[in-house]
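*Asks:* In this note's numbering, the protein residues as written are 498 to 1254.
Fair warning: there could be bad hints in the mix.
Below, in silico cross-link-like pairs of lysine-lysine (DSSO-like), each with a Cα-Cα straight-line distance of 30 Å or less [said to hold, decoys possible]:
1) 672 to 510
2) 618 to 509
3) 943 to 779
4) 725 to 663
5) 1065 to 993
6) 672 to 714
7) 765 to 618
8) 725 to 509
9) 518 to 721
10) 510 to 721
No lab work stands behind these hints, which were simulated from the structure alone.
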Amino acid sequence: MDRVSSFDEPLKKLLGGATAKVMAEHLDLHTVGDLLHHYPRRYEERGKLTALADLPLDEHVTVVAQVADARILMFNNGRGKRLEVTLTDGSGRLQLVFFGHGVHKPHKELLPGRQAMFAGKVSVFNRKMQLAHPTYQLLDASDADEATEAVDAFAGRLLPIYPACKQLDSWRIAKAVDAVLPSARDAVDPLPASLREGRGFTPLPEALLKVHRPQTKADIEDAKARLKWDEAFVLQVALARRRYADTQLPAVARRPVEGGLLDAFDAKLPFTLTEGQEKVSKEIFDDLATEHPMHRLLQGEVGSGKTMVALRAMLTVVDAGGQAAMLAPTEVLAQQHHRSITEMMGELADNWGLWREAPLDEGRRSGDGRALGGSEQGTKVVLLTGSMGAAARRQALLDLVTGEAGIVIGTHALIEDKVQFHDLGLVVVDEQHRFGVEQRDALRSKGKQPPHLLVMTATPIPRTVAMTVFGDLETSVLDQLPAGRSPIASHVVPAKDKPHFLARAWERVREEAENGHQAYVVCPRIGDEAEEDGKGAKKARAKKATPDEDPEKRPPLAVLEVADELRKGTLAGLSVEVLHGRMHPDEKDDVMRRFAAGDVDVLVATTVIEVGVNVPNATAMVIMDADRFGVSQLHQLRGRVGRGSAPGLCLLVSEAHEASPARARLSAVAATLDGFELSRIDLEQRREGDVLGQAQSGVRSSLRMLTVIDDEEVIAAAREEAVAIVAADPELEHLPELRTVLAALLDKEREEYLDKG
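Throw the hints in and build the complete structure from the sequences for me.
*Replies:* Here's what the structure looks like:
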């Protein structure tokens, strides 16, 4: 068996068809290598009893405990039998229950004083925690010979507890690992010898043996340190190679043009750019001036002025004869960006119509001298969305292919095959986490040469996540708010415990409106039951919420219902409008225009207003069922207020109990305006799977031991080593083992992820 193929060996050959089938279907384990990288979740010490009081409800668990007592109870007039076994760890108790014919074997084996390992799903019956029909493995034996054998097998051993499933218990997985463990000696070590020796790492085969069958706790720590490093290092090498390859691609340099659109735009700005905006703009301009594609992530706090930075980059590209495209995740956001950009540019022109209709000559815009208050250049800014009318869509497509339009803002409609550009020089992707890498790549492929890429996110990302999820991008951070921005006060409104707090919340909204300001009210769903799909809608159709029921069991509050109640009740007399994703685009645009103009007092909306919406006169936001939103989403929503000179107010309404994790999340949001701190809290609570997201599944599925929130130092050090290695040997010609492991990591899905980064 050669060194590589032993890890590729199908489990069916070693374990048999039935076990291999369960492992494939329920644990996604297919090969020997997969199983060797299925690491124990934790370890139990022989003789040390688990703290039974801390078992999580409704989860499949494995415990090591001692039998305190066992008794058979009869029921159904003696026709039924039930065996009840009580386990103890000296501080807590757990009940096991077996029924029918299943009582005989455990009744003989689970005698008081016996110790065993049990697995099952934790439930509650008669207010007691219990495992119904758990599987178990005895850890001691009845006669002397067996006892000696058991001691030899288990005494002084750390028992690995594996991530398991209902169909396959931890110790059955352990037995399967025993069968494949000899293959660990064939592990291909990806670390260069100098790096491994320099950092004092355990050899990889030894690390695999230690993680699965440790003799001491030090073995576990040694193994984890090595395996975490491998995951971080191999991924960072892959990303470093991607970044290096990008530097080898050709691109058209788009250098700033003196006296062009950008200079005219900057000269007419009614405010001063922040130091952060100046610094990040310079980083972007430097990238645009090179003859290989820019790949930059711009992350910034809510309201830090990312759109202004993006517009300056787009104007630079237009000045240099190219076109710029901004991809937005929703129609509302695309329309908002189109409106704000045309207004920012239009305010500086003597005649907006001349600006938009300025003719094109060889990709440069030349007006009649009035656009931008005297600049000789102008450009056309077009919007392209899926719901546009046929005539408007035809005109937009024509403007793009001829080069008449220098800037286009659009939704997924920009990605369609029929959309062609005259000379696409820059792609700006707003709210990157809403798009898959395939969509990002589809737009980039529309350039004659690879266009420059600027990825923006208003969701602050911890440094470690940026180094893994967006590791193929250089990172710029805007953490400074423009002058004149007001602080936002945030408070939790416990609607169930203290209903008078909710009444006061609506009074505050009315007060803001009477003082000439406006407010948002955000709800989790739309409420048009005839059209809604999914489980939430079915629940909503099935029953209405009652005042006393558990907020987790009732359907989330809905825009249409809440707006109707507010109009008739607490906010009667105020102008209350709704905004949600299923409205006709013209209707949405009309509502947003009237809200921006101050003609609407209160906008009741779904999360379509989460990003990009900028109405400086909006000072208050009430988020209904706030516990139904994630931490980062709440922070995004809150960023819609406090954008002018008046202070902002955000009220997080929840019926969650005071001691619940949901309330703890809301309190964390209310306690800080630091988006990076909140993103860390969010990541700690949700863990990597949710945060990295489906679009980055290649990254997530390659991380088994490494956690991006806890292992920042490992990731940073691995990145540094990876960059140095790739700079010295881009093709890894002198590191065949690393190249082999990299090829194994980059299966088709992950390869696509990296190639399309």
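*Asks:* Give a verdict on every hint.
*Replies:* Against the structure, the hints come out as follows:
Between residue 672 and residue 510, the direct Cα distance comes to roughly 15 Å. Compliance with the 30 Å bound is thereby established for this hinted pair. Of the supplied pair hints, the one linking residue 618 and residue 509 holds, its CA atoms being roughly 28 Å apart against a limit of 30 Å. Between residue 943 and residue 779 the CA atoms are separated by roughly 26 Å; this keeps the pair inside 30 Å, and the hint holds. Straight-line distance between C-alpha atoms of residue 725 and residue 663 comes to about 28 Å, which keeps the hinted pair within the 30 Å bound.
Under the criterion of a C-alpha separation no larger than 30 Å, the hint pairing residue 1065 with residue 993 is consistent with the structure, at around 22 Å. A hinted pair counts as satisfied when its Cα atoms are at most 30 Å apart, and residue 672 with residue 714 qualifies at roughly 21 Å. Taken as a hint, the residue 765 and residue 618 pair is broken in the structure, with Cα atoms around 67 Å apart against an allowance of 30 Å. Proposed proximity of residue 725 and residue 509 is supported: the alpha carbons are some 28 Å apart, at most 30 Å.
The straight-line distance between the Cα atoms of residue 518 and residue 721 is roughly 28 Å, inside the 30 Å bound, and the hint therefore holds. With a C-alpha separation of about 29 Å, the suggested pair residue 510 and residue 721 falls inside the 30 Å cut-off, and the hint holds.
Of the numbered hints given earlier, the model fails hint 7 alone.
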